[in-house]
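Protein chains in written order, with this note's numbering: chain A, 13 to 176; chain B, 645 to 1141.
In short, the hints are calculated from the structure, not lab data. In this text the structure is predicted, and so the values were computed from the model without any measurement. Think of the CB as a built atom: it goes at the ideal place given N, C-alpha and C, for glycine as much as any other residue. Keep in mind that the hints are not guaranteed to be accurate.
The list that follows gives simulated cross-link-like pairs (lysine to aspartate or glutamate, EDC-like), each with its CA atoms no further than 20 Å apart [as the list claims (entries may be wrong)]:
{"#": "1", "chain 1": "B", "residue 1": "K789", "chain 2": "A", "residue 2": "D108"}
{"#": "2", "chain 1": "B", "residue 1": "K793", "chain 2": "A", "residue 2": "D82"}
{"#": "3", "chain 1": "A", "residue 1": "K128", "chain 2": "B", "residue 2": "E1044"}
{"#": "4", "chain 1": "A", "residue 1": "K166", "chain 2": "A", "residue 2": "E57"}
{"#": "5", "chain 1": "B", "residue 1": "K789", "chain 2": "A", "residue 2": "D82"}
{"#": "6", "chain 1": "A", "residue 1": "K106", "chain 2": "A", "residue 2": "E32"}
Computed beta-carbon distance windows for the label pairs [unchecked claim]:
{"#": "7", "chain 1": "A", "residue 1": "K134", "chain 2": "B", "residue 2": "T847", "range": "27 to 37 Å"}
{"#": "8", "chain 1": "A", "residue 1": "Y131", "chain 2": "B", "residue 2": "K812", "range": "21 to 31 Å"}
{"#": "9", "chain 1": "B", "residue 1": "E676", "chain 2": "A", "residue 2": "A158", "range": "35 to 45 Å"}
{"#": "10", "chain 1": "A", "residue 1": "A158", "chain 2": "B", "residue 2": "K812", "range": "20 to 30 Å"}
{"#": "11", "chain 1": "A", "residue 1": "G132", "chain 2": "B", "residue 2": "K807", "range": "37 to 47 Å"}
{"#": "12", "chain 1": "B", "residue 1": "G730", "chain 2": "A", "residue 2": "A158", "range": "37 to 47 Å"}
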Amino acid sequence: MTRLNPELHMNPLESNPANELLLIAIGNDARQDDGLGWAFGQAMEADEDFRGTVVYRYQLQVEDALLIADYCTVLFVDACKGELPMGFEFTPLKADANFGFTTHQLSPATVLALSKQLYGAKPQAFLLKIAGTAWALERGLSKAGARNLASALKEAEALQGAKE
Amino acid sequence: MPNQKTTKITIDPVTRVEGHGRVTIHLDEQGEVSEARFHIVEFRGFERFIQGHPYWEVPVLVQRLCGICPVSHHLAAAKAIDQLHGLMPEDLSPTATKLRRLLHYGQVFQSHALHFFYLASPDLLLKGDTPVTERNIVGVVMANKDLAKRGIMMRKFGQEIIKAITGKRIHGVAAVPGGNYKTFTPEERWFFLDGKAIPSVDTMIEWTQETLQMLRQYHETNRAWLDSFADYPSGHLGLVGAQGELELYDGQLRAIDASGQRTLNDVPAQDYRKYFGEAVEPWTYLKFPYLKHLGRADGWNRVGPLARLNVCSHIGTPLAEQERQRFFGFSGHSPVNRTLYYHWARLIEMLHCAEVARQLLNDPEILSDDLVREGQRQEEGVGVVEAPRGTLMHHYRADEKGQVTWCNLIVSTTHNNEPMNRAVREVARRELSRQKEITEPMLNQVEIAIRAYDPCLSCATHAIGDMPLRIELFSHDGQLMGQRTKNSSLYNNPLGV
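Using the sequences provided together with the hints, build the complete structure.
Shown next as structure tokens:
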């Protein structure tokens, strides 16, 4: 279980003024479960208890390092290939500049590292992965993907409840 | 299949390239490179997917081909759809045409900025023996923070233009059949001119000039490497304007051979099928376009910034034209067939784009509400633009109900398929032949050759799925000697568009 540890006060939905929480939803809703991140972002935006800003990305890019530099807390949400015990995984995220793959698509950890290096920003960051199973060029989530999204949203609801 | 006397090295796929590619290098028994190929290993079939959709949906749908250059697909499709709607490019209102041009030049500016500052700069600014884990933008940031920051702002400027015209940074909507969707407001215009919210277009020009100056110095210092790296003869293809000038949005097709002789003499882009054939090979899904009258073996062309500079007679904006003259003055050759000159050419185009953007932003006509024209429905339409990576062709037919019945796309990376294969072969022969040990820097040289073309493999194959990075080394008898795996994502993000 990788739920956030409340004792560490690392609940991304807790005690954040409206302009201090940024949710970056990553994916593509034209490719089935790759839209999980966006679906989560849309659900959060529709939740009147949610206090924060949501942006949508097909992929993270270097300029996102500039964007997150303006926020105290950043939550990255993306679909994940492969199984997760809860159907989703919620983890604190640390900056990591040591990588060797495409820069057309940066990882959240790398964006954090860039933000720190370029702008001296150190937002508290979290990563929510939601497991998907279908990736065809098609709109709509798979049954398993929708189920995992619902579980992740339930967890988010609990976290929001915890802050009140 | 490699023969039994060769060693095969596989680089699968190439890092810092959009999509999924793979390189195989075959060594013979003496350790000489006998063959090198750039493979495309996935295929999605967007041309079939689009069939049955109403034609007016096409400019929106085709943007899903790519998250890096969606505007190019949007505009190429829009130009084709205009023709289905009964309108040629010159029939559109001046405002619609100017807004589309501003959108296109903004897109090319930001895409070139992405490539130069974040993909190519590690190759140019970091030493060849820099560990592979540091040969990326983070490495550049560590080495030159100001350059990295500037790159971010230049990319942002182009993206803000896209956002202002389409409503979104990626996959917005600007073009509709016969024109444009929305007006451009005075506030939106001032956003790019006054330098308050973001650096102004004047600053973009200034920064691009400074970057060009830096790159010129780099060429002077590293001339031997830059001149000899993947230098091979080829044809060059691109659009040109009515006076032969560099043209990215709408023009005629011109091609030249390696010595500069015209092989395609300013023909209408709509007639591309008369002149271009598309060959296939069993080892790749990517097609090989060629000029029919020259044949498959000799009719292939490079496209993109270097090719465009080679085919045009001049550039219609003064600062970029000055840089073009410096470029050819320095190289001493016209056309330039040296692969690494793509980077310099790309920066000159950035300067041109910024100059054009400044002209358009200061043109009061872009604020007009004369946006859409009507025409007489046609059955067929062809749209050709110069995308950041090169000549992009969209061709559609629609039935009487307006449903797309046929589609053919020739994307920039497809034109560069043969050139990239040649570049890989040239570098592999130089770097890998007779080497007792294949090292990471040697393999990186091959990747540098491919990255110079800025290939977008998700456009070319419409690839879907992970981009694991795998390098395999086979002995001459086909045995796997070793493999290396990189991963494009630390957390299995499956689809990077």
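Against the structure, the hints:
Restraint check for B:K789 and A:D108: satisfied, since their Cα atoms lie roughly 17 Å apart, inside the 20 Å limit. Pair hint B:K793 plus A:D82 holds up; C-alpha atoms about 15 Å apart against a cutoff of 20 Å. For the hint pairing A:K128 with B:E1044, the CA-to-CA distance comes to about 57 Å; that exceeds 20 Å, so the pair is violated. A hinted pair counts as satisfied when its Cα atoms are at most 20 Å apart, and A:K166 with A:E57 qualifies at roughly 15 Å.
For the suggested pair B:K789 and A:D82, the alpha carbons sit about 19 Å apart, so the restraint of at most 20 Å is met. Annotation: proposed proximity of A:K106 to A:E32 holds, straight-line Cα distance about 18 Å (limit 20 Å). The hinted range of 27 to 37 Å is satisfied by A:K134 and B:T847, whose Cβ atoms lie roughly 28 Å apart. Taking the beta carbon of each, A:Y131 and B:K812 are about 24 Å apart, inside 21 to 31 Å as hinted.
Range check, B:E676 to A:A158: Cβ separation about 56 Å, and the 35 to 45 Å hint is violated. Between A:A158 and B:K812 the beta carbon distance is about 25 Å. The supplied range of 20 to 30 Å therefore holds. Restraint check, A:G132 to B:K807: a C-beta distance of roughly 26 Å breaks the suggested window 37 to 47 Å. Separation of B:G730 from A:A158 is about 44 Å and conforms to the stated range, judged on CB atoms against 37 to 47 Å.
Against the hints set out earlier in the document, violations occur for numbers 3, 9 and 11.
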